[in-house]
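> Required output: the full structure, derived from the provided sequences and hints.
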Amino acid sequence: EVQLVESGGGLVQPGGSLRLSCAASGFPFGNYWMTWVRQAPGKGLEWVANIKQDGIQKFYVDSVRGRFTISRDNAKNSLYLQMNSLRAEDTAVYFCARVGVNYYYDSSGYYINHWGQGTRVAVAS
Amino acid sequence: DIQLTQSPSSLSASVGDRVTITCQASQEIRNYLNWYRQRPGKAPEILISDASNLETEFPSRFSGGGSGTHFTFTISGLQPEDFATYYCQHYDNVRLWTFGQGTKVEV
Chain A
1 EVQLVESGGG
11 LVQPGGSLRL
21 SCAASGFPFG
31 NYWMTWVRQA
41 PGKGLEWVAN
51 IKQDGIQKFY
61 VDSVRGRFTI
71 SRDNAKNSLY
81 LQMNSLRAED
91 TAVYFCARVG
101 VNYYYDSSGY
111 YINHWGQGTR
121 VAVAS
Chain X
1001 DIQLTQSPSS
1011 LSASVGDRVT
1021 ITCQASQEIR
1031 NYLNWYRQRP
1041 GKAPEILISD
1051 ASNLETEFPS
1061 RFSGGGSGTH
1071 FTFTISGLQP
1081 EDFATYYCQH
1091 YDNVRLWTFG
1101 QGTKVEV
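Just so you know, the sequences run in chain order A and X. For the first sequence, the numbering used here gives the first residue as 1, with consecutive numbering after it. For the second sequence, the numbering used here gives the first residue as 1001, with consecutive numbering after it.
Everything labelled a hint here was simulated from the structure, so no lab data went into it. Don't be surprised by glycine CBs; every beta carbon is placed ideally from N, CA and C. A few of these clues could be false.
Now the stretches of chain X that chain A is said to cover, found in silico as 3 or more residues with beta-carbon under 8 Å [claimed, not checked]: (1) 1029 to 1036; (2) 1043 to 1051; (3) 1089 to 1101.
Partial chain A-side listing against chain X, Cβ under 10 Å, derived [said to hold, decoys possible]: (4) Ala-97; (5) Val-99; (6) Gly-109; (7) Gln-117.
Listed next, with one range per pair, are the computed distances between beta-carbon atoms [claimed, not checked]: (8) A/Arg-19 / X/Ser-1067: 36 to 42 Å; (9) A/Asp-73 / X/Ala-1013: 44 to 50 Å; (10) A/Asp-73 / X/Lys-1042: 25 to 31 Å; (11) X/Thr-1074 / A/Arg-19: 39 to 45 Å; (12) A/Ser-7 / X/Leu-1096: 25 to 31 Å; (13) X/Gln-1079 / A/Gly-16: 42 to 48 Å; (14) X/Gly-1016 / A/Lys-76: 34 to 40 Å; (15) A/Gly-30 / X/Ala-1013: 40 to 46 Å; (16) A/Asn-84 / X/Phe-1058: 35 to 41 Å; (17) A/Glu-1 / X/Asp-1001: 33 to 39 Å; (18) X/Asp-1001 / A/Ala-122: 24 to 30 Å.
Structure below.
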């Protein structure tokens, strides 16, 4: 069974830092793109970042680029999100998730097929 | 960047009803669109990928369609567990992903 368990959330002051972790199990972690998605209180979903299997290719939403860093340790089956220069608007539940792929003859389709339960981050003074 | 607009933002329905949600993209996106269900207090679940591919673990009352800029998601015969919020999501390969604002289906 695929399991994704986030940790590391908490209360932090504006301008502070936090590192989220996600422990993966039940699947060959190193074979999958992974992603972070967040959800502010009472709001919708917002994609945050993606990371390739080898940990080299990374993509970010504009609002976090330069402040957040996604990384992974395939030997430890773990995904991370280092969050620096935190702002009040970063307050959210952060979900770790696995990316699924549909392969077609001329393209690939991407979707999120497994989610963790999320970890809460609150940025306030 | 591509924007996704879902309508309606919320709707009231009853068990057994047929419900349709639309997702309008600000630019042509082929069929690069997914649909998720999020029950209260839970993580989202993928229902439909690439506009019309129903995930195998979900029943056929869920369906999706459309291409280009206009997409639909339909529940034919609403069940109690379907009272939830539904999101469409566009993917530009793995470079940039965008969610719609969500549609809350209420009793």
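> If a hint holds in the structure, say so; if it doesn't, say that too.
For each hint, the structure was consulted:
Only when three residues or more bring their CB closer than 8 Å to a CB of chain A does the claim for the segment 1029 to 1036 of chain X stand; here the count is 4, and the claim holds. Check on the segment 1043 to 1051 of chain X: 6 of its residues sit with their Cβ under 8 Å from a Cβ of chain A, so the three-residue criterion for coverage holds. Given a C-beta distance limit of less than 8 Å, the hint that chain A covers the segment 1089 to 1101 of chain X holds, as 11 residues qualify and 3 suffice. Interface hint status for A/Ala-97: upheld, as the beta-carbon distance to the closest one in chain X is roughly 8 Å, under 10 Å.
Look at A/Val-99: its Cβ gets to within about 7 Å of chain X, closer than 10 Å, so that hint holds up. Taking 10 Å as the C-beta cut-off, the interface hint given for A/Gly-109 holds, the closest approach to chain X being about 4 Å. Given hint, A/Gln-117 at the interface with chain X, holds; its Cβ is 6 Å from that chain's nearest Cβ, closer than 10 Å. Range check, A/Arg-19 to X/Ser-1067: about 41 Å between beta-carbon atoms, so the 36 to 42 Å window is met.
Restraint check, A/Asp-73 to X/Ala-1013: a C-beta distance of roughly 45 Å satisfies the suggested window 44 to 50 Å. Range check, A/Asp-73 to X/Lys-1042: Cβ separation about 28 Å, and the 25 to 31 Å hint holds. At roughly 42 Å, the beta carbons of X/Thr-1074 and A/Arg-19 sit within the given window of 39 to 45 Å. Checking the proposed 25 to 31 Å range against A/Ser-7 and X/Leu-1096 shows it holds: the Cβ atoms sit about 27 Å from each other.
In this structure, X/Gln-1079 and A/Gly-16 meet the distance hint of 42 to 48 Å, their C-beta atoms being roughly 44 Å apart. The supplied range of 34 to 40 Å is broken by X/Gly-1016 and A/Lys-76, whose beta-carbon atoms lie about 48 Å from each other. Under the hint 40 to 46 Å, the C-beta atoms of A/Gly-30 and X/Ala-1013, about 43 Å apart, fit the expected range. Roughly 39 Å separates the CB atoms of A/Asn-84 and X/Phe-1058, a value that falls within the hinted 35 to 41 Å.
Distance hint check: the CB atoms of A/Glu-1 and X/Asp-1001 are about 36 Å apart, consistent with the given range 33 to 39 Å. Between X/Asp-1001 and A/Ala-122, the C-beta spacing of about 28 Å keeps the proposed range 24 to 30 Å intact.
Figure legend: structure checked against the earlier numbered hints; the only hint not met is number 14.
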